[in-house]
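Trainee: Listed below, chain by chain, are the residues.
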Amino acid sequence: MSDPIRLSTPFTDELIDPLRSGDRVLVSGTIYSARDAAHLRLRELDAAGEPWPFPAEGAVLYYVGPTPTRPGHASGSAGPTTAGRMDKLTPMTLEHGVKGIIGKGNRGEALWPEFERYHAVYFAAIGGAGAVAAQRIRSSEVIAFEDLGPEAIRAIEVEDFPAMVINDTTGADYYTQASEAWRHDASK
Amino acid sequence: MPVREVDVAEISAAIAGACIKINYFLPDDMLAALGRARDTEESPAGRAALDVILENAEIAAQGEFPYCQDTGYTVVFLDIGQDVHLVGGDLMQAVDAGIRKGYKDGYLRMSIVADPLFGRENTGDNTPGMVHVRIVPGDGVRIQVDAKGGGSENKSRHKMLVPADGKQGVKDYVIETVQLMGPDACPPGIIGVGVGGNFEVSAELAKRALLRHPVGAANPDPAVAEFERELLDDVNALGLGPQSLGGRITALAVHVETFPTHIASLPVAVNTECHAHRTTVVEI
Numbered sequence: 001m002s003d004p005i006r007l008s009t010p011f012t013d014e015l016i017d018p019l020r021s022g023d024r025v026l027v028s029g030t031i032y033s034a035r036d037a038a039h040l041r042l043r044e045l046d047a048a049g050e051p052w053p054f055p056a057e058g059a060v061l062y063y064v065g066p067t068p069t070r071p072g073h074a075s076g077s078a079g080p081t082t083a084g085r086m087d088k089l090t091p092m093t094l095e096h097g098v099k100g101i102i103g104k105g106n107r108g109e110a111l112w113p114e115f116e117r118y119h120a121v122y123f124a125a126i127g128g129a130g131a132v133a134a135q136r137i138r139s140s141e142v143i144a145f146e147d148l149g150p151e152a153i154r155a156i157e158v159e160d161f162p163a164m165v166i167n168d169t170t171g172a173d174y175y176t177q178a179s180e181a182w183r184h185d186a187s188k
Numbered sequence: 001m002p003v004r005e006v007d008v009a010e011i012s013a014a015i016a017g018a019c020i021k022i023n024y025f026l027p028d029d030m031l032a033a034l035g036r037a038r039d040t041e042e043s044p045a046g047r048a049a050l051d052v053i054l055e056n057a058e059i060a061a062q063g064e065f066p067y068c069q070d071t072g073y074t075v076v077f078l079d080i081g082q083d084v085h086l087v088g089g090d091l092m093q094a095v096d097a098g099i100r101k102g103y104k105d106g107y108l109r110m111s112i113v114a115d116p117l118f119g120r121e122n123t124g125d126n127t128p129g130m131v132h133v134r135i136v137p138g139d140g141v142r143i144q145v146d147a148k149g150g151g152s153e154n155k156s157r158h159k160m161l162v163p164a165d166g167k168q169g170v171k172d173y174v175i176e177t178v179q180l181m182g183p184d185a186c187p188p189g190i191i192g193v194g195v196g197g198n199f200e201v202s203a204e205l206a207k208r209a210l211l212r213h214p215v216g217a218a219n220p221d222p223a224v225a226e227f228e229r230e231l232l233d234d235v236n237a238l239g240l241g242p243q244s245l246g247g248r249i250t251a252l253a254v255h256v257e258t259f260p261t262h263i264a265s266l267p268v269a270v271n272t273e274c275h276a277h278r279t280t281v282v283e284i
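Sequence lines, in order, name chains A and B.
Its first residue numbered 1, the first sequence is counted upward by one per residue in the working numbering.
Its first residue numbered 1, the second sequence is counted upward by one per residue in the working numbering.
Calculated directly from the structure, the hints in this document are not laboratory data.
Hints should not be assumed to be uniformly reliable.
Once the Cα atoms are required to be at most 20 Å apart in a straight line, the calculated SDA-like pairs of lysine to any residue come out as [said to hold, decoys possible]:
#	chain 1	residue 1	chain 2	residue 2
1	B	21	A	70
2	B	167	A	70
3	B	171	A	142
4	B	101	A	68
5	B	104	A	13
6	A	88	B	116
7	A	88	B	150
8	B	104	A	183
9	B	104	A	149
10	B	104	B	9
11	A	88	B	131
12	B	21	A	68
13	B	104	A	186
14	B	101	A	149
15	B	171	A	173
16	B	101	A	184
17	A	88	B	25
18	B	101	A	70
19	B	21	B	282
20	A	88	B	117
21	A	88	B	101
22	B	101	A	71
23	B	104	A	184
24	B	104	A	185
25	B	171	A	186
26	B	171	A	183
Output of the computed footprint for chain B on chain A, the stretches with three or more beta carbons under 8 Å from beta carbons of chain B [to be verified]:
#	region
27	6-13
28	46-59
29	67-78
30	103-111
31	130-140
32	146-156
Ideal Cβ positions, reconstructed from N, Cα and C, are used throughout, including at glycine.
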């Protein structure tokens, strides 16, 4: 495996267009947490013609709902949640200029060309490794929808946060390629 | 046989402690199974994912960061001896009081919404628990607490097959479920399969199958045990591997539980578990 590619937020087309599915990356800078309930609130803001609570242009969204932060720590455990649940609302975030999304798990096939169209990348972090992910977080602050508890939007400062490119700006999907080499007939 | 009094406060305290313990310390048998997977996985991407998973377990075991940020539904199995007299209050309230205290004191995430359809407001204390009660012989109380992640629970499936579908039908359904699950349920974990009973019994069987101890132990019925081995081989032949990044080990174990069923029916439930298998038993 080649060395991971270092990326700083916010993202630009020039930064992410060269990325290819299967590339490992280390993300640094501010990323914004948003999962199920926060996406629904963002849709409500759109419907009301109101601005979003963070600068979406070039932004990286992290699908996460962390555990409560213990005193003296920057964050609680904060691994990625299942991305497919946000499929329906993802074109909305890309339309607003979001360039990177970190989650885990499959994105629907209908979404792959959207990443190409909007020049955006979907990354997966290791699902369930919330304690490891927390070690790469320098600070975490609720910036909107505090009433949503773990689903509030947070501005999260990360340093060398590890992830892998799953859907790149060419419409490729890494998960469908990854298992091919290892699939076999169990009866043989 | 004299009746033994058990104060529900004891049950409450046991549940509170268990909630904290399981969210920081993976059971030894699960850690061992993950270690064996790391030793046998041939795919570099799969091994790298397992390295992160094992590192995660080490960090969590220091007691500051829960193993996973999804600290789960709290599933509580209570086996209450028929010679037990519960005193000190309402049992179900005591169970939820235990969950409330454990999740607050343990800095665990509150992941339950009060109404699934309207409002979806977070209850703020991870209650209510998902509770299953059985009355059993004896004067003890056995409490199993399981923290079950929503991501893996979402990939579970249920189907009423017909007798003509038989063993192959069950097998095809399990394999299809794992293929659809892919990376979403954070493999490698455990595939719990409930076959037989009726609609709801098969689902509970599947959940109980997940909790079999130790992870990978065979069903005592040799025919079911053989079926489990075949299913595990077929699941791992899919090539999904750890985190679905390609590899030999998609599941650490397939556990199958069966129950008598109707002449018309062959219910099958598949409950998918991630690598964050968090469970413990407390006996009172």
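Trainee: For each hint, tell me whether it holds in the structure or not.
Mentor: Each hint, compared with the structure:
1. B:21 <-> A:70: Roughly 16 Å between the alpha carbons, so the hint for residue 21 of chain B and residue 70 of chain A holds.
2. B:167 <-> A:70: Given that 20 Å is the threshold and the Cα spacing comes to 50 Å, the pair is violated.
3. B:171 <-> A:142: 46 Å, violated
4. B:101 <-> A:68: With Cα atoms ~14 Å apart, residue 101 of chain B and residue 68 of chain A stay inside 20 Å; holds.
5. B:104 <-> A:13: Given that 20 Å is the threshold and the Cα spacing comes to 43 Å, the pair is violated.
6. A:88 <-> B:116: Given pair residue 88 of chain A, residue 116 of chain B holds - Cα atoms ~19 Å apart, limit 20 Å.
7. A:88 <-> B:150: Judged against 20 Å, a Cα distance of about 19 Å means the pair holds.
8. B:104 <-> A:183: 44 Å, violated
9. B:104 <-> A:149: 13 Å, holds
10. B:104 <-> B:9: Status holds; Cα separation ~17 Å.
11. A:88 <-> B:131: The given pair, whose Cα atoms are some 33 Å apart, is violated under the 20 Å limit.
12. B:21 <-> A:68: With a Cα-Cα distance of about 16 Å, the restraint between residue 21 of chain B and residue 68 of chain A holds, given a limit of 20 Å.
13. B:104 <-> A:186: Judged against 20 Å, a Cα distance of about 46 Å means the pair is violated.
14. B:101 <-> A:149: 17 Å, holds
15. B:171 <-> A:173: 28 Å, violated
16. B:101 <-> A:184: At roughly 48 Å apart (the allowed maximum being 20 Å), residue 184 of chain A and residue 101 of chain B break the hint.
17. A:88 <-> B:25: 36 Å, violated
18. B:101 <-> A:70: It holds: about 16 Å lies between the C-alpha atoms, which stays within 20 Å.
19. B:21 <-> B:282: 11 Å, holds
20. A:88 <-> B:117: Status holds; Cα separation ~18 Å.
21. A:88 <-> B:101: 36 Å, violated
22. B:101 <-> A:71: Holds: residue 101 of chain B and residue 71 of chain A sit about 18 Å apart, inside 20 Å.
23. B:104 <-> A:184: 46 Å, violated
24. B:104 <-> A:185: 48 Å, violated
25. B:171 <-> A:186: 13 Å, holds
26. B:171 <-> A:183: 17 Å, holds
27. 6-13: violated (count 0)
28. 46-59: Violated - the region 46-59 of chain A has 0 residues with a Cβ nearer than 8 Å to chain B, which falls short of three.
29. 67-78: holds (count 8)
30. 103-111: With 3 residues close enough to chain B, the hint holds.
31. 130-140: holds (count 6)
32. 146-156: holds (count 4)
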